[in-house]
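Protein chains in written order, with this note's numbering: chain A, 1 to 351; chain B, 1 to 249.
The set of hints was computed from the structure by calculation and includes no laboratory data.
Errors might be hidden in some of the hints.
[As the list claims (entries may be wrong)] With a Cα cut of at most 16 Å, we get these calculated EDC-like pairs of lysine to aspartate or glutamate:
no., chain 1, residue 1, chain 2, residue 2
1, B, LYS166, A, GLU297
2, A, LYS227, B, ASP150
3, A, LYS50, B, ASP142
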Amino acid sequence: MYLHSNRPKTVLILGLGVLLWMVACTKDEPVVTPTGPTPIELTVPPFFPKPYLNPDNPLTYEGVKLGKKLYSDAILSSNGLSCSSCHNKDLSYSTPLFTDKNGASTSVPPHVNLAFNPNYNWNGSLPILDTLCMADFEPEFFNTNRDTLYRRLSTHAEYPGLFRDAFGIENINDLEYRALKLKICYAISQHIRTLISADSKFDKYVMNKVNLDAMETEGMSIFFSEKGDCFHCHGAPLFTDNIFHNNGIDETFTGLDQGRFLVTGDPKHLGLFSSPTLRNIEYTAPYMHDGRFETLEEVVEFYNSGVKHSETLDPLMTKDNKMTGLQLTDYQKKCLVAFLKTLSDLQFVTD
Amino acid sequence: MKPGNHTYSSRIFLVALTLVLAGACNKDDTPPPAPPVQELTIVVGYNVDGAALVSSQIQYTNAAGNPFSVYTLNYYLSGFSLQMMDGSWKELDDIVYLDAFNAAKNTFILKGIPAGNYKAFKLIIGLEPENNVSNSLPPTVDNINMSWPDMMGGGYHFLKLEGYFKDANAVTQGYAMHVGTNTFHSEVVLNQEYAISTGKDTLKLNMNIAEWFKNPNTYDLNIQGNYSMGRDSSMRKLSENGSNVFTLE
Numbered sequence: 001m002y003l004h005s006n007r008p009k010t011v012l013i014l015g016l017g018v019l020l021w022m023v024a025c026t027k028d029e030p031v032v033t034p035t036g037p038t039p040i041e042l043t044v045p046p047f048f049p050k051p052y053l054n055p056d057n058p059l060t061y062e063g064v065k066l067g068k069k070l071y072s073d074a075i076l077s078s079n080g081l082s083c084s085s086c087h088n089k090d091l092s093y094s095t096p097l098f099t100d101k102n103g104a105s106t107s108v109p110p111h112v113n114l115a116f117n118p119n120y121n122w123n124g125s126l127p128i129l130d131t132l133c134m135a136d137f138e139p140e141f142f143n144t145n146r147d148t149l150y151r152r153l154s155t156h157a158e159y160p161g162l163f164r165d166a167f168g169i170e171n172i173n174d175l176e177y178r179a180l181k182l183k184i185c186y187a188i189s190q191h192i193r194t195l196i197s198a199d200s201k202f203d204k205y206v207m208n209k210v211n212l213d214a215m216e217t218e219g220m221s222i223f224f225s226e227k228g229d230c231f232h233c234h235g236a237p238l239f240t241d242n243i244f245h246n247n248g249i250d251e252t253f254t255g256l257d258q259g260r261f262l263v264t265g266d267p268k269h270l271g272l273f274s275s276p277t278l279r280n281i282e283y284t285a286p287y288m289h290d291g292r293f294e295t296l297e298e299v300v301e302f303y304n305s306g307v308k309h310s311e312t313l314d315p316l317m318t319k320d321n322k323m324t325g326l327q328l329t330d331y332q333k334k335c336l337v338a339f340l341k342t343l344s345d346l347q348f349v350t351d
Numbered sequence: 001m002k003p004g005n006h007t008y009s010s011r012i013f014l015v016a017l018t019l020v021l022a023g024a025c026n027k028d029d030t031p032p033p034a035p036p037v038q039e040l041t042i043v044v045g046y047n048v049d050g051a052a053l054v055s056s057q058i059q060y061t062n063a064a065g066n067p068f069s070v071y072t073l074n075y076y077l078s079g080f081s082l083q084m085m086d087g088s089w090k091e092l093d094d095i096v097y098l099d100a101f102n103a104a105k106n107t108f109i110l111k112g113i114p115a116g117n118y119k120a121f122k123l124i125i126g127l128e129p130e131n132n133v134s135n136s137l138p139p140t141v142d143n144i145n146m147s148w149p150d151m152m153g154g155g156y157h158f159l160k161l162e163g164y165f166k167d168a169n170a171v172t173q174g175y176a177m178h179v180g181t182n183t184f185h186s187e188v189v190l191n192q193e194y195a196i197s198t199g200k201d202t203l204k205l206n207m208n209i210a211e212w213f214k215n216p217n218t219y220d221l222n223i224q225g226n227y228s229m230g231r232d233s234s235m236r237k238l239s240e241n242g243s244n245v246f247t248l249e
């Protein structure tokens, strides 16, 4: 009876307390509505640096899903091409050569570990991965038809939902053309950031999971010593320093061979190109920016005996032994090639 | 009694509730101010025997008479130590990567330094043996590009000084002065009085790049060679010269 007779008052006090508690602590406990794309983080392999991410284009599960589908879909083009036409997974997301409208050939850089690159293309003409594919809509690549693109995407069975999930876009047709292309590029770049290769035989060796054979071990010694001096520009774990160098393949420079100079206009940059990663190099022939070498053996022979002098030849390439050649024996050259092939990540190109 | 008792217990409950509420929201309270942390900003400047550092054509001449340019200058500073007027030293554990041609990589902050008057400043160009261990520094792009291969001793490059010079035949060649491996770090001692004021303050270090080729060892690129990595005699000369490259402003 005692409790019963006072129950309403007690309930009132308790209710007031709960209310006060809620009001007092509102800013600590915001109501979270589970909407919008799901943020994800890249799994960065051991010893890798932090990836370059764009806060304007955060990595999300839905964004990557959309990007992966667009990457290999000719829906973006009027000529049947997609990103994967020139970035073939079997070739570490590369292709042998691309010939531009002027007839100049370029070795297509592979889409591997680009999340860790500060710039893109051989001469570093693009500093942001997220807009890397904006040029692909042009006649030289996809030759995209604006009206067709809107129609195909907006009437597609899956894309309207994928765009909504990834970017909250309710109606693709409401986007300005440039904004639509930008969202497409954002999604594709999210997918590209997930293309991480770090499971080669060399990686397994570093983790003490496998041993290298005698030739691979000898090749590694050449690679990581002054004997071959490959490591300065192609050091582990990325096997690129992401820096521009003139490695001595030309003495004079015209057209695309001018390299970084075409971006900066600085004469010191004549003939400089970004060091390519050597990861999966076995899959990405031909070699050098213009694909002039068909095989790794030719590449090694170039560094062994073919470096050409010029005013901008990288200081690392004019070290005493470089100008007189590396003087590798035939066996050592084979060993170096054998080591380079330990950088192949079969799972990356098959999964 | 019963109603009276109940009123009393209700008051106790309200007081308790108020205390609980106050306690529940402690995390909203502004935390007490932390003790002031002395921040010393170090700004590093560069010159070549007084001439401004410009990454361009060959325009400098070193002590051996080699016309040269500077294209790359990356290095570590560590082992910072400040000597107070009573002779005691304030030692810091910071390790800093610097890039002469990247303005953002030429300023850094040392924390926890008491305000006061000092009479010396010590630092190391490179890394002491306990820090010169492969993969021990955070795997930033800068650090991985400074790696020194295990089969050459491991650890990190202490210094990468690269550029071009005119050789004995007046032909442009490159040079790459790379220093690494234990014992080849440079110890710098600057015996100079300076004061650090309360709060934030700034010191300026100046590197005369020409000193790398000058004092106490005249380094002739035509004789000693245009690269040093793995050559102990060359690295030793450069290491000794490194002790004289900095002045305090």
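How the hints compare with the structure:
no., hint, in the structure
1, LYS166(B) x GLU297(A), "33 Å, violated"
2, LYS227(A) x ASP150(B), "14 Å, holds"
3, LYS50(A) x ASP142(B), "11 Å, holds"
Consistency with the previously given hints fails for number 1 only.
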